[in-house]
Amino acid sequence: MARQSFVLLAATTLMLVAMCSVTLATDSSAMDFVQKICNDASYDTLCLDTLLPKASNISGNPKSATRFAIQATISEVQSVSSSFINLSEHPEEWTNEVKTLQRCGTTIASSVTHLLDAYELTTHLGGGGRAVKVSKRASMANSVNSVLDALNTCVNHLQTSNASGAEITRVEDTMETLAELATNAIDIIKHMPF
Numbered sequence: 001m002a003r004q005s006f007v008l009l010a011a012t013t014l015m016l017v018a019m020c021s022v023t024l025a026t027d028s029s030a031m032d033f034v035q036k037i038c039n040d041a042s043y044d045t046l047c048l049d050t051l052l053p054k055a056s057n058i059s060g061n062p063k064s065a066t067r068f069a070i071q072a073t074i075s076e077v078q079s080v081s082s083s084f085i086n087l088s089e090h091p092e093e094w095t096n097e098v099k100t101l102q103r104c105g106t107t108i109a110s111s112v113t114h115l116l117d118a119y120e121l122t123t124h125l126g127g128g129g130r131a132v133k134v135s136k137r138a139s140m141a142n143s144v145n146s147v148l149d150a151l152n153t154c155v156n157h158l159q160t161s162n163a164s165g166a167e168i169t170r171v172e173d174t175m176e177t178l179a180e181l182a183t184n185a186i187d188i189i190k191h192m193p194f
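Quick note on my numbering: the sequence shown kicks off at 1 and runs consecutively.
Rather than coming from a laboratory, the hints here were simulated on the basis of the structure. One or more hints might be untrue.
What the hints assert, rightly or not - Simulated crosslink set (BS3-like; lysine-lysine; CA at most 27 Å straight-line): (1) Lys-133 to Lys-54; (2) Lys-136 to Lys-190; (3) Lys-99 to Lys-36; (4) Lys-99 to Lys-54; (5) Lys-36 to Lys-136; (6) Lys-54 to Lys-36; (7) Lys-36 to Lys-133; (8) Lys-63 to Lys-190; (9) Lys-190 to Lys-36; (10) Lys-133 to Lys-190; (11) Lys-99 to Lys-190; (12) Lys-36 to Lys-63; (13) Lys-136 to Lys-54.
Based on the sequences and whatever the hints tell you, model everything.
Below is the structure:
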């Protein structure tokens with residue numbers, strides 16, 4: 001009886017070790033894929049921070065990596081837009097810039113529509129010849145680029161509202177991660193294989 005228990009325990013242990021090594025190999029493969037994708041990103045550390053936690057969900061699929069990059073950008077758009085709306089509600093700090101900050105928040109928030117277009121397009125990349133695929137990827141990149149356009153518009157409006165250099169720097173600091181996420185998403189889109 002003791003011998004059967006030992007054999008059963010040994011067999012169970014072997015199965016667990018085998019299962020763990022398969023899982024580790026799969027996780028390692030998924031992480032290697034994300035690292036390869038992020039090597040092409042302008043902000044590789046941010047790319048890794050964004051995509052490595054999703055590596056098992058990405059599972060070697062460039063479309064999935066693109067979707068997660070776009071989702072992270074959407075989330076940051078919402079955060080930055082809310083920040084500007086909140087800042088505009090404190091006119092004692094931003095007397096001349098309240099309307100500009102409100103406009104910034106609205107302009108940045110409206111870029112979500114373009115990001116959602118890019119996200120939706122990731123589901124329609126198959127089929128068609130190379131020219132069609134190139135066109136779809138260019139459309140996706142342009143849609144994500146609308147975020148960068150919105151950020152530049154915001155800074156331009158602040159400069160024309162006579163905001164101080166310190167105030168502009170504060171706004172630029174608030175927008176920095178969003179600009180980097182959008183840039184990374186564009187990089188990932190441009191490097192998607194056909």
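Against the structure, the hints:
no., hint, result
1, Lys-133 to Lys-54, "holds (25 Å)"
2, Lys-136 to Lys-190, "holds (11 Å)"
3, Lys-99 to Lys-36, "violated (43 Å)"
4, Lys-99 to Lys-54, "violated (38 Å)"
5, Lys-36 to Lys-136, "holds (23 Å)"
6, Lys-54 to Lys-36, "holds (14 Å)"
7, Lys-36 to Lys-133, "holds (22 Å)"
8, Lys-63 to Lys-190, "holds (12 Å)"
9, Lys-190 to Lys-36, "holds (14 Å)"
10, Lys-133 to Lys-190, "holds (11 Å)"
11, Lys-99 to Lys-190, "violated (36 Å)"
12, Lys-36 to Lys-63, "holds (14 Å)"
13, Lys-136 to Lys-54, "holds (25 Å)"
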